[in-house]
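There are 2 protein chains.
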Amino acid sequence: MDKRVLQKSDGRQLILYARQPWTGEATAPSPSSERLAPTSHLRWHPLRGEWIAYASHRQNRTFLPPAEYNPLAVTADPQNPTELPAGAWEVAVFDNRFPTLFRDADDAPAIEVPTRPGRGACEVVVFTQDPTSSLGALPLARLELIAEVWADRYLDLGARDEVDYVFEFENRGVEVGVTLGHPHSQIYAYPFVPPIPARELQQQAEFLAAHGRGLLEEIVESELADGRRVLYRGEHVVAFVPVFARYSYEVWIATRRAAPSVAAFSEAERADFARALKTVLLKYDGLWSRPFPYIMSFHQAPTDGLRHPEAHFHAEFYPAYRMPGRLKYLAGSEMGAGVFTADTLPEEKARELQAIEVSLS
Amino acid sequence: MDKRVLQKSDGRQLILYARQPWTGEATAPSPSSERLAPTSHLRWHPLRGEWIAYASHRQNRTFLPPAEYNPLAVTADPQNPTELPAGAWEVAVFDNRFPTLFRDADDAPAIEVPTRPGRGACEVVVFTQDPTSSLGALPLARLELIAEVWADRYLDLGARDEVDYVFEFENRGVEVGVTLGHPHSQIYAYPFVPPIPARELQQQAEFLAAHGRGLLEEIVESELADGRRVLYRGEHVVAFVPVFARYSYEVWIATRRAAPSVAAFSEAERADFARALKTVLLKYDGLWSRPFPYIMSFHQAPTDGLRHPEAHFHAEFYPAYRMPGRLKYLAGSEMGAGVFTADTLPEEKARELQAIEVSLS
Chain A
1 MDKRVLQKSD GRQLILYARQ PWTGEATAPS PSSERLAPTS HLRWHPLRGE WIAYASHRQN
61 RTFLPPAEYN PLAVTADPQN PTELPAGAWE VAVFDNRFPT LFRDADDAPA IEVPTRPGRG
121 ACEVVVFTQD PTSSLGALPL ARLELIAEVW ADRYLDLGAR DEVDYVFEFE NRGVEVGVTL
181 GHPHSQIYAY PFVPPIPARE LQQQAEFLAA HGRGLLEEIV ESELADGRRV LYRGEHVVAF
241 VPVFARYSYE VWIATRRAAP SVAAFSEAER ADFARALKTV LLKYDGLWSR PFPYIMSFHQ
301 APTDGLRHPE AHFHAEFYPA YRMPGRLKYL AGSEMGAGVF TADTLPEEKA RELQAIEVSL
361 S
Chain P
1001 MDKRVLQKSD GRQLILYARQ PWTGEATAPS PSSERLAPTS HLRWHPLRGE WIAYASHRQN
1061 RTFLPPAEYN PLAVTADPQN PTELPAGAWE VAVFDNRFPT LFRDADDAPA IEVPTRPGRG
1121 ACEVVVFTQD PTSSLGALPL ARLELIAEVW ADRYLDLGAR DEVDYVFEFE NRGVEVGVTL
1181 GHPHSQIYAY PFVPPIPARE LQQQAEFLAA HGRGLLEEIV ESELADGRRV LYRGEHVVAF
1241 VPVFARYSYE VWIATRRAAP SVAAFSEAER ADFARALKTV LLKYDGLWSR PFPYIMSFHQ
1301 APTDGLRHPE AHFHAEFYPA YRMPGRLKYL AGSEMGAGVF TADTLPEEKA RELQAIEVSL
1361 S
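So the protein sequences, as listed, match chains A and P. Note that the first sequence covers residues 1 to 361 in my numbering. Note that the second sequence covers residues 1001 to 1361 in my numbering.
By construction, these hints were calculated from the structure, which means they are not laboratory data. It should be emphasised that the depicted structure is a prediction, and the values quoted were computed from it without experimental measurement. It is possible that some hints are incorrect.
What the hints assert, rightly or not - Covered by chain A, per the in silico footprint, the following chain P stretches (three or more residues, Cβ under 8 Å): (1) 1028-1034; (2) 1110-1117; (3) 1217-1227; (4) 1326-1336.
Every residue, glycine too, gets a C-beta built ideally from N, C-alpha and C.
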């Protein structure tokens, strides 16, 4: 993998990745020349027992700009720079211009509840130079490279003192609030282990202590044995609608062994992960013959310096729609009580996705 | 309070409430004459450690019906019955025709994860016979009656063996998925204490054990002392944007003392609660001179037969918009990691709401 690390004039980092070394100089353009001074702090929510991030400078961030301005496109006219330069790079990563968390966050104000600086990082991962493509439409070789980039970012960000958890995710579609259609994902590097992974890790640690084996390993084996909800059955990686799915068409991709993170994948695991990922995404887009909006979340081992034998890499996909044209609204029961109500059975939705044939290349 | 309990031909319960006794016979119409046989079961999500409710019969529930069919309107033509009869009732409660949880739920299937029947109740609370009104537009006397109805339902449902938690909430606006514009709220009576109240109660119990006083009592006092985020300062009840608000314009209404539930309100507390509620709702609708969509959640003491000295009634309001015309999307960070990111400071949003003048009557 070829990796070039550059710095934008406003102080932000840009990294260009390619499978092969390429020739030519790369610049590090930025839509704004002024040095960024974002403000961000965390406040403690005493009843929920969790941190809330406040980044008020984000209010005016780019919102569905006209097609003629795409900050993730390659810069065509140096007078109108985007975030990315010309060149033979394949995947690019840069610091978000409107970060919720960043490295040099100021001290937090002293108020009635505990606070701390919003230290961490928010990065954007651009999958391709083609603004009209999508993650699932990319060739397997590109997906493998993207997995290598995710691994690289996990290691780089996770090595920072202030980062306890590297959260890699993709929001896809205007239905989940995406402001830019150009294929990309995001990374939030938090200075604490966030509540949802923390809860999962706690459940996994308890299971490991009680049974001497991994909870998700057991789930994967049980899904493979049952078979009714399996979408991809690889030698190293599987994809399935979990028997306890909360969303219609919810899918999980997991390694068979408890690989703690994408950075721990063997080459064979990475290749199998690319196949599983492409299978799921093509099935999603094939389901209603339209781009299928979702949130994709990676749950991995924290980078908090502690041992996490309970961690087991998996990607969770939360679709925006429960039926064609009918969004799943998270309302009173989900948001006020925390109880998901599903209108459909995982077995039915899995059958629909199983029926969609895909060809990998 | 006048209360008439009736039964619909399909087996569902209808209760009509009014401040004063009224004359005349009341019928119990139903849009469907067939006896309902909903199916519902719960599955255990082992990684999150929570129950998920599956009610696949809900898939085809009423979805934004045309204005000429409003099931919450009073029945005008007995050939086309709605859910509600004519009569001098003021507030009505009936069993949801498409319940997620219900009293006679079948045994759950035996599958790979623990399951249990979806026992409990889902009720609809209709605030008025006027389909064009709204909770905040109703007179204080009606809001006091509605609070009495919430108390009545809390006690009635909470007394059932299978009910461990009575969750009272309102979803308002198409933005949060509301299918019927007629002013109403809902009640889910769960057979377990749901994760979000459970988490809050745990934090409250720990604080009580450590400090000998209530966590929310301390928060209320601190908000009143600071004053910058207070929207209503009553003798018994207060409304404020909490210093740890997750949503823009998030508001909490709480009693000053740790009243465990709406059913524990004194008459003076109920009257003050009605004033606080109306104040908040009028400020919301006044903010952008349009109906303000939100989720309103009551967090109260469980009805699980245990003592809950840590419980302290409060209503939490989660607005759908973060700015005029800009929805707050819950995406990767919120849904995948559980970390709320706010674009605005609670102090700024509180100031905007404080500036909206309202007159109560």
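Checked hints:
1. Three residues within the 8 Å Cβ limit are the bar, and the stretch 1028-1034 of chain P against chain A gives 0, so the coverage statement is violated.
2. With a threshold of 8 Å between beta carbons, the proposed coverage of the stretch 1110-1117 of chain P by chain A holds, since 3 of its residues qualify and at least three are required.
3. Interface restraint, the stretch 1217-1227 of chain P with chain A: holds (4 residues with C-beta to C-beta distance below 8 Å; minimum three).
4. With a cut-off of 8 Å between beta carbons, the stretch 1326-1336 of chain P has 9 residues touching chain A; three or more are needed, and the interface restraint holds.
In summary, the structure is inconsistent with hint 1 from the numbered list given earlier, while agreeing with all the others.
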